[in-house]
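Chemist: The lines below spell out each chain.
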Amino acid sequence: MTSDNHVDGNAMGGLLMDAFGREMTDARGCCASCGSEHVMAELIVYRSGPGDVLRCPSCSTVLMVATPLPSGPRIYFSRLLWLAPKERA
Amino acid sequence: MARAALRGRLTWQVADLVDRIDETPQVRSLVLDVPDWPGHQPGQHVDVRLTADDGYQAERSYSIATPADDRRVTITVERIDDGEVSPYLVDELKIGDKLELRGPIGGYFVWQPSDGGPLFLAAGGSGLVPLMAMVRARIGGGGHVPVRLLVSSRSPDEVIYSGELGTIDTDQAGVEVIQTFTRAQPPGWSGYRRRVDREMLAEVAWPASDKPRCYVCGPTGFVEAVANSLVELGHKPQDIRTERFGPTGG
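Those protein sequence lines, which keep their order, are chains A and B. Each residue of the first sequence is one higher than the last, beginning at 0 in numbering that gives the first Met the number 0. Each residue of the second sequence is one higher than the last, beginning at 0 in numbering that gives the first Met the number 0.
Since the hints were made in silico from the structure, they are not lab data. None of the values given here were measured: they were computed from a predicted structure. Ideal Cβ positions, reconstructed from N, Cα and C, are used throughout, including at glycine. Warning: the hint list may mix true and false statements.
[Stated by the list, open to error] What follows is a list of derived Cβ distance ranges for each label pair:
#, chain 1, residue 1, chain 2, residue 2, range
1, B, Ala57, A, Gly20, 20 to 30 Å
2, A, Arg27, B, Ala183, 37 to 47 Å
3, B, Arg71, A, Arg21, 20 to 30 Å
4, A, Arg21, B, Asp69, 20 to 30 Å
5, A, Pro69, B, Pro185, 42 to 52 Å
6, B, Trp188, A, Arg21, 42 to 52 Å
7, B, Pro206, A, Glu36, 22 to 32 Å
8, B, Gly139, A, Gly20, 25 to 35 Å
9, B, Gly95, A, Phe76, 38 to 48 Å
10, B, Gly187, A, Cys33, 48 to 58 Å
11, B, Glu202, A, Arg27, 33 to 43 Å
12, B, Gly233, A, Ser59, 20 to 30 Å
13, A, Gly20, B, Lys235, 28 to 38 Å
14, B, Pro86, A, Arg87, 30 to 40 Å
Make a model of the complete structure from these sequences and hints.
Modeler: Shown next, in the form of structure tokens:
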């Protein structure tokens, strides 16, 4: 969890925007395991595999896996209870 | 293109490299002209995509170093010697060459003068890039929010924008720059010479009672150490925004 080989959800902004059609790094989500709420930018991201693994910064449960496929981005939801994009002015 | 347009406003665009600025032996700023650039906020980044002759593509994210300036977008790239993308950007890309990018990206690690302050910025190495966009926006006419910028570098020759940092007049600008050099210091240096720790932050950061907005950017270990120390000093986690660079940005 405290190893140095991760980044955070800021780096996922482009892929998430591609998938959702809007800025998502400030979207709020809830971990289904521990119930804590974080914005996407705060999630811990491991990028070493074919998909980027997004983990809860509170309990390190895998919330999502994001994969850029030739057909477009694909997001696998595992333990993300809900996801709420931020209201825009 | 039609499909991309249907998915949202983020599409790949072709930019022209119009200038290159040597920052350090390992780091170069690239000034890009991007037609139809919608503007951006300090702290945002772009994704850059390179495509090889055989169709292989590699993407990286680079923070924008400057405030919004019409079609101009400046990114600052550190050469990672075994990287796939950064050696090309730093060494090979010539003025007049084209570069594919998309952006601006980011809605969390952003600050505009109208967001208020005081502002405390902590940079580890090239984590200075998005924070410099905030400082430049603030100095370039963005109000009176007091700013303290703490820059941690291994040695003086690794400090990007060092000339510009040295010319910031604290009294006039309301922006104070504090540096620490963890391995090698300039001759006669009397300032900090260690990694950022809680004691340093207690001296340098605005006290928690001032409710500053804190932005921390750098390598993962730096970001987590600084953010944890700020929380120990009483800053609320929601007032501390962080951005981690990977160990190999590439």
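Chemist: It remains to establish, for every hint, whether it holds in the given structure.
Modeler: Tested hints:
no.	hint	in the structure
1	B:Ala57 <-> A:Gly20: 20 to 30 Å	holds, 24 Å
2	A:Arg27 <-> B:Ala183: 37 to 47 Å	holds, 43 Å
3	B:Arg71 <-> A:Arg21: 20 to 30 Å	holds, 25 Å
4	A:Arg21 <-> B:Asp69: 20 to 30 Å	holds, 24 Å
5	A:Pro69 <-> B:Pro185: 42 to 52 Å	holds, 51 Å
6	B:Trp188 <-> A:Arg21: 42 to 52 Å	holds, 47 Å
7	B:Pro206 <-> A:Glu36: 22 to 32 Å	holds, 27 Å
8	B:Gly139 <-> A:Gly20: 25 to 35 Å	holds, 32 Å
9	B:Gly95 <-> A:Phe76: 38 to 48 Å	holds, 44 Å
10	B:Gly187 <-> A:Cys33: 48 to 58 Å	holds, 51 Å
11	B:Glu202 <-> A:Arg27: 33 to 43 Å	holds, 34 Å
12	B:Gly233 <-> A:Ser59: 20 to 30 Å	holds, 26 Å
13	A:Gly20 <-> B:Lys235: 28 to 38 Å	holds, 32 Å
14	B:Pro86 <-> A:Arg87: 30 to 40 Å	holds, 38 Å
No hint from the list above goes unmet by this structure.
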